[in-house]
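K.L.:
Chain by chain, the residues run as shown.
Number of protein chains: 2
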Amino acid sequence: MKFSAAVFLVLILSTVIVAFAGEPDSARAYKDVAGKIIDEALANGQAYSRLRELCLQIGPRLSGSPAAAAAVEWSRQEMVKAGLDNVHLQPVMVPHWVRGEVEEASVVNSRQVGTVPLTVCALGGSVATPALGVVGKVIEVKTFEEVRRLGAGAKGAILFYNRPFDKTERNTFNAYVGAVDQRGRGAIEAARVGAVAVLVRSMTSRLDDIPHTGVMHYEDGVPQIPAAAISTVGANFLSELLQAEAGVRVNLRLSSHTLRDAPSANVIGEITGTELPDEVVLLGGHLDSWDKGQGAHDDGAGCVQALEALSLLKTLGLKPKRTIRAVMFINEENGTRGGKAYAAEIAANGPRHIAAIESDRGGFMPTGISVDADPGGPAFKSVAKWSFLLESIQAHRFEKGYSGVDIAALGDHGTLVMGLVVESQRYFDYHHSDNDTIDKVNERELELGAATLAVMSYVLANEGVGVEGR
Amino acid sequence: MKFSAAVFLVLILSTVIVAFAGEPDSARAYKDVAGKIIDEALANGQAYSRLRELCLQIGPRLSGSPAAAAAVEWSRQEMVKAGLDNVHLQPVMVPHWVRGEVEEASVVNSRQVGTVPLTVCALGGSVATPALGVVGKVIEVKTFEEVRRLGAGAKGAILFYNRPFDKTERNTFNAYVGAVDQRGRGAIEAARVGAVAVLVRSMTSRLDDIPHTGVMHYEDGVPQIPAAAISTVGANFLSELLQAEAGVRVNLRLSSHTLRDAPSANVIGEITGTELPDEVVLLGGHLDSWDKGQGAHDDGAGCVQALEALSLLKTLGLKPKRTIRAVMFINEENGTRGGKAYAAEIAANGPRHIAAIESDRGGFMPTGISVDADPGGPAFKSVAKWSFLLESIQAHRFEKGYSGVDIAALGDHGTLVMGLVVESQRYFDYHHSDNDTIDKVNERELELGAATLAVMSYVLANEGVGVEGR
Chain F
225 MKFSAAVFLV LILSTVIVAF AGEPDSARAY KDVAGKIIDE ALANGQAYSR
275 LRELCLQIGP RLSGSPAAAA AVEWSRQEMV KAGLDNVHLQ PVMVPHWVRG
325 EVEEASVVNS RQVGTVPLTV CALGGSVATP ALGVVGKVIE VKTFEEVRRL
375 GAGAKGAILF YNRPFDKTER NTFNAYVGAV DQRGRGAIEA ARVGAVAVLV
425 RSMTSRLDDI PHTGVMHYED GVPQIPAAAI STVGANFLSE LLQAEAGVRV
475 NLRLSSHTLR DAPSANVIGE ITGTELPDEV VLLGGHLDSW DKGQGAHDDG
525 AGCVQALEAL SLLKTLGLKP KRTIRAVMFI NEENGTRGGK AYAAEIAANG
575 PRHIAAIESD RGGFMPTGIS VDADPGGPAF KSVAKWSFLL ESIQAHRFEK
625 GYSGVDIAAL GDHGTLVMGL VVESQRYFDY HHSDNDTIDK VNERELELGA
675 ATLAVMSYVL ANEGVGVEGR
Chain V
225 MKFSAAVFLV LILSTVIVAF AGEPDSARAY KDVAGKIIDE ALANGQAYSR
275 LRELCLQIGP RLSGSPAAAA AVEWSRQEMV KAGLDNVHLQ PVMVPHWVRG
325 EVEEASVVNS RQVGTVPLTV CALGGSVATP ALGVVGKVIE VKTFEEVRRL
375 GAGAKGAILF YNRPFDKTER NTFNAYVGAV DQRGRGAIEA ARVGAVAVLV
425 RSMTSRLDDI PHTGVMHYED GVPQIPAAAI STVGANFLSE LLQAEAGVRV
475 NLRLSSHTLR DAPSANVIGE ITGTELPDEV VLLGGHLDSW DKGQGAHDDG
525 AGCVQALEAL SLLKTLGLKP KRTIRAVMFI NEENGTRGGK AYAAEIAANG
575 PRHIAAIESD RGGFMPTGIS VDADPGGPAF KSVAKWSFLL ESIQAHRFEK
625 GYSGVDIAAL GDHGTLVMGL VVESQRYFDY HHSDNDTIDK VNERELELGA
675 ATLAVMSYVL ANEGVGVEGR
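Chains as they are written, first to last, in the working numbering: chain F, 225 to 694; chain V, 225 to 694.
In isolation and in its complexed conformation, chain F is listed as follows (with noise of 0.2 Å):
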């Protein structure tokens, strides 16, 4: 076939004049430490006990939890006694919202199954239900402009959001953000046409009796209404109960409020750098996480992988010439109070920081990183030409493609911001819920994780990233 022909006559022309060009020194040492780093995560690494720490003597931290607290005292502390430098706490107030004693949901004396519980958890944010639960007909929507063709039909009744993630995406975000506009504005736009409360499918392909929870909005100037998820399995069965009998009504209570802003912080720390201190490649994570589960995969990896990053070139002795930060944000899932803080205090008053890469994906074994940048241009390169020193972990995939909710805003004031991306097939399996907790991660492919972090923070701190911002 000529198209092969044509593909494998490249490939050892690419062979030929690579081995022709060589690899010069500085690529040879980088390769040289970025194996050493590697082996030093696998052997010994401290990522998977540290975050086994963290799921299990903290636990889930919604922000403004004691939890949540706690776990910022406990990062403050790692990170000393990890030997990182300028250890601190930047202060930030953050939304404190609670779930309260109360979720449940049944349908009410349906005429085929009687009244039958249903599996549901507030959306966070939601506001509570009246004590004794609000009770509406269902009706079930798949788009806001099915919603919005209700009109005065929809005035009194549960609107219950069924579209499922759809299956055929490869990477399972693609779905994720095909599908999360009904959690997100789901209950705004059915409070518009007056429905009183709404349920929203779990942010999951998978079927189970697991809901799963995650942030919801309010609009100014229209009726707050309450929000829960329900598991796929029960909205499976409300959906086949809804084709097979008129006027099935559900029964919705909720307890969740909203209380006062809570103080709390983002946790930094770092390895200064020898020859410019004051440009800083940043690392990070976000230390709370919904008030289900552990906050394993999400995101209690990506904290734990940013420090391991930094205590593998410590242990290595490894000198970068520019700072390395660790930073663990605060409050992610439900305001991004700790990323616009850390943004805000970096435009005033510094330190320039050159990249930032946070790892907010799971746990999971490392494919590559994304670069927020256009992929011909030059700050894509400066950072794509070191693929090579992951490939011996086959996460040499460099794309264009998102950074992270926390540090997105650092790219607006010219910090070159990329993600660390894994594989994403189990992510939803256990996001925002009971299931995503410390048994459901691997510790080599955490360890690799930060593995990849410590290469491409060590190299980009030495080398830069070749101009400014994208």
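Think of the hints as simulated: they come from the structure by calculation, not from any bench.
Check the hints yourself; a few may be wrong.
From the derived model, a few chain V residues whose C-beta atoms are all more than 12 Å from chain F [to be verified]: (1) W298; (2) V311; (3) N333; (4) E369; (5) N386; (6) R387; (7) D433; (8) A468.
With a cut-off of at most 25 Å between alpha-carbon atoms, the simulated DMTMM-like pairs for lysine to aspartate or glutamate come out as follows [what the hints assert, rightly or not]: (9) V/K391 - F/E615; (10) V/K255 - F/D390; (11) V/K391 - F/D663; (12) F/K664 - V/D658; (13) F/K391 - V/D263; (14) F/K260 - V/D390; (15) V/K391 - F/E264; (16) V/K538 - F/D390; (17) F/K624 - F/E687; (18) F/K538 - F/E499; (19) V/K609 - F/E623; (20) F/K664 - V/E277; (21) V/K391 - F/D256; (22) F/K609 - V/E615; (23) F/K366 - V/E264; (24) F/K664 - V/D663; (25) V/K538 - F/E393.
All values reported here derive from a predicted model rather than from experimental measurement.
In this text, a Cβ means the ideal position worked out from N, Cα and C, and glycines have one as well.
Position chain V against the provided structure of chain F, taking the given hints into account.
P.N.:
Positioned in the frame of chain F, the structure of chain V alone reads:
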């Protein structure tokens, strides 16, 4: 930098040349087909529900056990239900080893810790100890060279093989290969110097208290001594105790023994080729498992994937020119009788097998295909040229490598043999232990492996492998 400049130049050149070459119709058509196969697997695949049934309703299925017989009949019925052609059993006599009721070990009367239980399990094939157990002084060794140096000093002792996995190996299979000689030949080498039993550190880098079984061997003319795996936690404890205290003794009790060979079978079904029905592309896994856990990843996954690949093609109405056959081999774990009988039958009576792919590395995210052929040769290239079909799921890494235990012998008769390669980090957490259960399998990863087999078998069945054998 010169190095990266050269690389970028080559990348740009590659793009240009490939773009000019264009995609001929057949490449485009196969890409379409591959996309449909992957969509169907992700949206409607049955591999996971079949595997759940095999794991939960039949469970572990060691050769010769009633559960293995159930698994054979279940598989036959599943193939019939899936509408495969020529569904049949190939009778095979298999070894019949049983674990028995008793397997326990204790440190006896240690000065420091008294009598303490150790978590062990019999290695597959091991003889029993006397009913009251065997007691011996424990000697820790890491190599057979050390064993030989012990000489008469090992007489009456229990040798404790404690060479761990090399955690720095990027691919865990290499770590396994570097340690598994202790399990396979440990009893032989120990018996030669007069030891009365062996304990072998479990074949995993994970630290937990679950022992991992697996096959061990005896040799004619060498006394058969009992052999057990000890958990990694137990091995570390025992090793520390040995350093602190001289003359530590262990009592080991095993009731395992070998019965007469039992009748069993390989399970075979196919989609008959439309143009060359007497030429076969084989997809395989092995149906037997160890008698621990549920044999989910090892290798229920491979079996349901082979069947799923054919189901996907049938569902999509894809009719291959050559026959595609799914084979669930029996007795991979302790005898390879199924694989040997199959290869002997094909060598004697055909039909000709042009290619075979085994899935026996767990149902994890597929990363590519290992081809047991010279990477510079035409056989390798005739397969690797199709890797672009798997790029959308990042399973397009084609490398020279091992195929699979059950199909390797086919390679000697001119078949191009290959293996499905998957992400390796988690496999040995579960392998041959109570941890190998259905909850460790991710539905989407399992399906994507099946889709990879479907895509490759379909294109090879239509296009052939270019040359005879390797």
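K.L.:
Each hint: holds or not?
P.N.:
The hints, checked one at a time:
| no. | hint | result |
| --- | --- | --- |
| 1 | W298 | holds, 23 Å |
| 2 | V311 | holds, 29 Å |
| 3 | N333 | holds, 34 Å |
| 4 | E369 | holds, 24 Å |
| 5 | N386 | holds, 17 Å |
| 6 | R387 | holds, 15 Å |
| 7 | D433 | holds, 14 Å |
| 8 | A468 | holds, 23 Å |
| 9 | V/K391 - F/E615 | holds, 18 Å |
| 10 | V/K255 - F/D390 | holds, 20 Å |
| 11 | V/K391 - F/D663 | holds, 20 Å |
| 12 | F/K664 - V/D658 | holds, 16 Å |
| 13 | F/K391 - V/D263 | holds, 8 Å |
| 14 | F/K260 - V/D390 | holds, 14 Å |
| 15 | V/K391 - F/E264 | holds, 9 Å |
| 16 | V/K538 - F/D390 | holds, 23 Å |
| 17 | F/K624 - F/E687 | holds, 20 Å |
| 18 | F/K538 - F/E499 | holds, 17 Å |
| 19 | V/K609 - F/E623 | holds, 23 Å |
| 20 | F/K664 - V/E277 | holds, 22 Å |
| 21 | V/K391 - F/D256 | holds, 18 Å |
| 22 | F/K609 - V/E615 | holds, 21 Å |
| 23 | F/K366 - V/E264 | holds, 22 Å |
| 24 | F/K664 - V/D663 | holds, 10 Å |
| 25 | V/K538 - F/E393 | holds, 22 Å |
This entry satisfies every hint, going by the numbered hints stated previously.
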